[in-house]
Amino acid sequence: MHQSAMEHGKLFFDTYLNHSSDLKILDIGAQDVNGSLRSIAPKNNEYVGVDFCEANGVDIVLDDPYVLPFEPETFDVIVSSSCYEHSEFFWLSFNEALRVLKPAGLLYINAPSNGYYHRYPVDCWRFFPDSGVALQNWANRNGYECAMLESFNGAISEDVWKDAVAVWVKDKANAYIHPNRMIKNFGNFTNGRLMDSEDILNFLPSFLEPKSIRLSRKQAVDLIVNIKSQDPELADELRSLLN
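One point on numbering: in our numbering, the residue at position 240 of the sequence shown is 240, and numbering is uninterrupted.
Just so you know, the hints here were simulated from the structure itself, not pulled from any lab data.
Check before you lean on any hint, since a few could be wrong.
For lysine-lysine, the following BS3-like pairs were computed, each having C-alpha atoms within a straight-line distance of at most 27 Å [unchecked claim]:
{"#": "1", "residue 1": "162", "residue 2": "102"}
{"#": "2", "residue 1": "43", "residue 2": "10"}
{"#": "3", "residue 1": "162", "residue 2": "184"}
{"#": "4", "residue 1": "172", "residue 2": "24"}
{"#": "5", "residue 1": "228", "residue 2": "162"}
{"#": "6", "residue 1": "172", "residue 2": "228"}
Computed spacing ranges between beta-carbons, pair by pair [stated by the list, open to error]:
{"#": "7", "residue 1": "185", "residue 2": "230", "range": "36 to 44 Å"}
{"#": "8", "residue 1": "88", "residue 2": "226", "range": "19 to 27 Å"}
{"#": "9", "residue 1": "118", "residue 2": "173", "range": "36 to 44 Å"}
{"#": "10", "residue 1": "21", "residue 2": "119", "range": "33 to 41 Å"}
{"#": "11", "residue 1": "197", "residue 2": "222", "range": "36 to 44 Å"}
{"#": "12", "residue 1": "22", "residue 2": "179", "range": "19 to 27 Å"}
{"#": "13", "residue 1": "72", "residue 2": "232", "range": "39 to 47 Å"}
{"#": "14", "residue 1": "199", "residue 2": "232", "range": "44 to 52 Å"}
{"#": "15", "residue 1": "72", "residue 2": "124", "range": "26 to 34 Å"}
Ideal Cβ placement from N, Cα and C applies to all residues, glycine included.
Please construct the entire structure, taking both the sequences and the accompanying hints into account.
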């Protein structure tokens, strides 16, 4: 998990779960790859990590990535970071997360809106703040009274990633239970959206985005190391370019 994903995860926990205890938190895509949200989650809560393979940070291995082995309304909070871009049918994952959330439960998703091709085991999607509203509307069409509380893009980080972050409450009638918002106390974001508003906060049109991002040598080496596990031949070709 890249550094900005960890920072946004901490911002979510600090904003929505500050001083919380006795909650049940589910992490979808929980394997520890250069970091995990589990390490920054508030203590004194039950934390369960699921993923499609055995790994550090994974408590339950899923037989089907689109079926969570829990009863309806089991969890108070569900988080997923750096995972939805790898989900072929992320809209199915979204509804399944809502199924196991309690009515006042929160769903936090962080996924990239840019970045290089990285397969775990596939890399399918990129997201933007409007994705939060689109998923809300998809859930509504499927019988959930879900509401997006906020969505935004983080700034481009030193390791090139630009995060798309969004938070939903399962039942809009319970939105009042969660009055705080990350973007109200956090200035380093663009294209923010809030519940029931068409306004775009800190609007940044695409033509103002950087045309290119030049990697440092260390960043390039780290990237090649990540690629090597998926495509050794490509990694060797890229390494030759650095020499």
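Self-check item: Hints that the structure is at odds with (numbers, increasing)
Solution: 1, 6
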